[in-house]
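2 protein chains.
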Amino acid sequence: MKIRCEKEQLLTAVQIVQKATASKTTLPILTGIHLMAADGSLELQATDYEVGISMTIPAEVIDPGKVVLSGKFFPEIIRKIGGKTIEIASSAQSSMITVSAEKTEFKILSFPAEEFPTIKKFESNNSITLKDDVLKNLIRKTVFACSTDESRPLFTGALLEVNAGEIAMVATNTHRLALKKTILPESAATAKMIIPGKLLNEIYKILNFDVPTDVRIFWLKNQVAFLFDNIYIMSRVIEGQFPDYKKVIPAEFSTYCILDANVLYEAVERVSLLARDGEYNIIKIKFTPESLELAGNNPDAGSATESLEIAPEGEPMEIAFNAKYLLDVLRIAGLGQVKFHLKSPLSPVMLKLLDDSEYTYILTPIRTN
Amino acid sequence: MKIRCEKEQLLTAVQIVQKATASKTTLPILTGIHLMAADGSLELQATDYEVGISMTIPAEVIDPGKVVLSGKFFPEIIRKIGGKTIEIASSAQSSMITVSAEKTEFKILSFPAEEFPTIKKFESNNSITLKDDVLKNLIRKTVFACSTDESRPLFTGALLEVNAGEIAMVATNTHRLALKKTILPESAATAKMIIPGKLLNEIYKILNFDVPTDVRIFWLKNQVAFLFDNIYIMSRVIEGQFPDYKKVIPAEFSTYCILDANVLYEAVERVSLLARDGEYNIIKIKFTPESLELAGNNPDAGSATESLEIAPEGEPMEIAFNAKYLLDVLRIAGLGQVKFHLKSPLSPVMLKLLDDSEYTYILTPIRTN
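Protein chains in written order, with this note's numbering: chain A, -14 to 354; chain B, -14 to 354.
Be a bit skeptical, because a hint or two may be false.
[Stated by the list, open to error] These stretches of chain B come out as covered by chain A in the derived footprint (C-beta under 8 Å, 3 or more residues):
hint, stretch
1, 59 to 73
2, 92 to 103
3, 252 to 258
4, 289 to 302
[Said to hold, decoys possible] The calculated lysine-lysine pairs, modelled on BS3-like cross-linking and capped at a C-alpha distance of 27 Å, are:
hint, chain 1, residue 1, chain 2, residue 2
5, B, Lys309, A, Lys309
6, A, Lys92, B, Lys309
7, A, Lys65, B, Lys324
8, A, Lys69, A, Lys51
9, A, Lys116, A, Lys4
10, A, Lys269, B, Lys324
11, A, Lys231, A, Lys183
12, A, Lys271, B, Lys88
13, B, Lys269, A, Lys309
[Said to hold, decoys possible] So the derived label-pair ranges between C-beta atoms look like this:
hint, chain 1, residue 1, chain 2, residue 2, range
14, A, Pro284, B, Glu100, 50 to 56 Å
15, B, Val196, A, Glu87, 44 to 50 Å
16, B, Leu320, A, Glu(-9), 26 to 32 Å
17, B, Asn207, A, Lys271, 52 to 58 Å
18, B, Asp134, A, Gln78, 42 to 48 Å
19, A, Pro284, B, Thr11, 21 to 27 Å
20, B, Lys271, A, Lys9, 35 to 41 Å
21, A, Thr167, B, Arg316, 31 to 37 Å
I should point out that these hints are in silico values taken from the structure, not numbers from a laboratory. Glycine included, C-beta positions come from ideal geometry on N, C-alpha and C.
Using the sequences and the hints, build the whole thing.
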């Protein structure tokens, strides 16, 4: 193999496919990045068998071929190397690959290319196409609510539900749930699959284009793929039965309160400052007719209280929250307003964003005595 | 105790004295910050018995007194609390201290103030006074060369030598040595003391004023103090005999080379990229009559070479360096030029900065094969 390509394009591709390389593995080849040069282009691939990412960039192909380079050193080299054009060349005599630009020449060890499990790209008519910013919004507003506990894999993923021209993305760790819906005109597809949260977060980061870009999502029974720009990402889906989120959303409420998310965010940050160091990070909020009274406590450090001059509507009530779960949704709300919907001190609380009626956050209160 | 003070001033003071709190200790009181209110001012102190820092800020003292607050929570509270004015109040009934601003009120546990080992500030006529930027320059150009190996405490400090109107600061880890001199007119003081490198780095960070500020340094046999603005910092000095740095500086050379520090920095970064992952981080530089040939190698990853079109003067020579020690001084040189002075492949190399004749860096080559 011998190719020349633009450094910036190669760097982008290397950084994207690198996300799918295995870090710890009994199969060292999975830590590598597969390069395949043919027909004026260079395709980079990486896979850890769960996720596979492929990206193709233009290249001057002097000699077609395949090599597998270290997923650790190759990206570092491309990041640091000078110049605008990079040449990559293998030789028949050795497994060393030459990577060169300007006055710098690297010779790096390669893996046997024939041992690399290249991605078996699938196609499917079960698909939807949406704009990058729509998908990013679905991910941003829900995936943070996933669990990170790998012993319960179901909750490390987000449910993607497609039905009758509507998409819903839902994530929960069983203590809180985030649901974002969006309309998808002219789509007849139906689907229900659990996509790994980590993958969605990576896709969120990769979707960083200057111009609106279409993302096509398509799926088989156990696999889902994302296709956009010159990038193909495929992943297994998480097996299991996602809880029926519609049942979790309470229907009736007795107390309501609208506030600026950033004002409440800062207040919660303050009153949880000492509590955070304790075991549970609990704060209490008292909804009185005249104000919100926030309180946090840590027997080993001290306590904090803060009062917000806001008049809730309905029944007075005191509820205890995990401060982190509250901060998470307030961060999503940014400079907008949130509306609390409360029923009783132990009933799930619903939060809505005033600037996004298609978003719902459910938070289970904490039982304290 | 009851006082009111400006949040920004208190935050600055808390962040500065916090650096002297003990993190791990068998004496919990040393993790605290001592506050003493009297005569229109609030003095904050912290000490871990090695270093003591005191800073005084203006305060409205309603009730003089002393309290000791958590060195962990108190700074976090001051950082996060809203408003411009903070009130701190103790009560006769409880060990809880109230810290309040605007609508937020913290009650935090305090340590018994009488148990705090307040700093015994000393005075001395053995002193010098220099501008903050002069001291910062002495620290910045030398202290990075200290050892971090606590089992050889001597080399974790920098030597401060004052003699006949000249100051020298010297640091070494025995593999490389950095020496910065500066003229101090109108000073008759003489001194030779080893100051902990960590402390000098903290002082460097604290010396962050908008206007030129005088720093007075004074000392007793085993202690040194820095006085500037409303800050008093004292520390033990490190005992032992610092090596005679004058003997380390070679007198004769056979090869010279002048180059842009940033050009060499980037080249060294690249060729050491693979070597860095190995055990020794060695790069070789061949000084030929036409060019510099840099090479790095890691048997487990690959090798790198780079050529710089620079013509050294004198004998051709190949020398092996620890790449990190070379990068360190090139970083100090910034956009300036450095001049290599070489004698033989195993003789110490001298580097000078063309824009600072009072700076010398000595680097011991590495013996290979």
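Hint check:
{"no.": "1", "hint": "59 to 73", "result": "holds (count 5)"}
{"no.": "2", "hint": "92 to 103", "result": "holds (count 3)"}
{"no.": "3", "hint": "252 to 258", "result": "holds (count 5)"}
{"no.": "4", "hint": "289 to 302", "result": "holds (count 6)"}
{"no.": "5", "hint": "B:Lys309 x A:Lys309", "result": "violated (41 Å)"}
{"no.": "6", "hint": "A:Lys92 x B:Lys309", "result": "holds (21 Å)"}
{"no.": "7", "hint": "A:Lys65 x B:Lys324", "result": "holds (25 Å)"}
{"no.": "8", "hint": "A:Lys69 x A:Lys51", "result": "holds (23 Å)"}
{"no.": "9", "hint": "A:Lys116 x A:Lys4", "result": "holds (22 Å)"}
{"no.": "10", "hint": "A:Lys269 x B:Lys324", "result": "violated (65 Å)"}
{"no.": "11", "hint": "A:Lys231 x A:Lys183", "result": "holds (24 Å)"}
{"no.": "12", "hint": "A:Lys271 x B:Lys88", "result": "holds (15 Å)"}
{"no.": "13", "hint": "B:Lys269 x A:Lys309", "result": "violated (52 Å)"}
{"no.": "14", "hint": "A:Pro284 x B:Glu100: 50 to 56 Å", "result": "violated (21 Å)"}
{"no.": "15", "hint": "B:Val196 x A:Glu87: 44 to 50 Å", "result": "holds (45 Å)"}
{"no.": "16", "hint": "B:Leu320 x A:Glu(-9): 26 to 32 Å", "result": "holds (28 Å)"}
{"no.": "17", "hint": "B:Asn207 x A:Lys271: 52 to 58 Å", "result": "holds (57 Å)"}
{"no.": "18", "hint": "B:Asp134 x A:Gln78: 42 to 48 Å", "result": "holds (45 Å)"}
{"no.": "19", "hint": "A:Pro284 x B:Thr11: 21 to 27 Å", "result": "holds (23 Å)"}
{"no.": "20", "hint": "B:Lys271 x A:Lys9: 35 to 41 Å", "result": "holds (39 Å)"}
{"no.": "21", "hint": "A:Thr167 x B:Arg316: 31 to 37 Å", "result": "violated (49 Å)"}
In terms of the numbered hints stated before, the structure departs from hints 5, 10, 13, 14 and 21, listed from lowest to highest.
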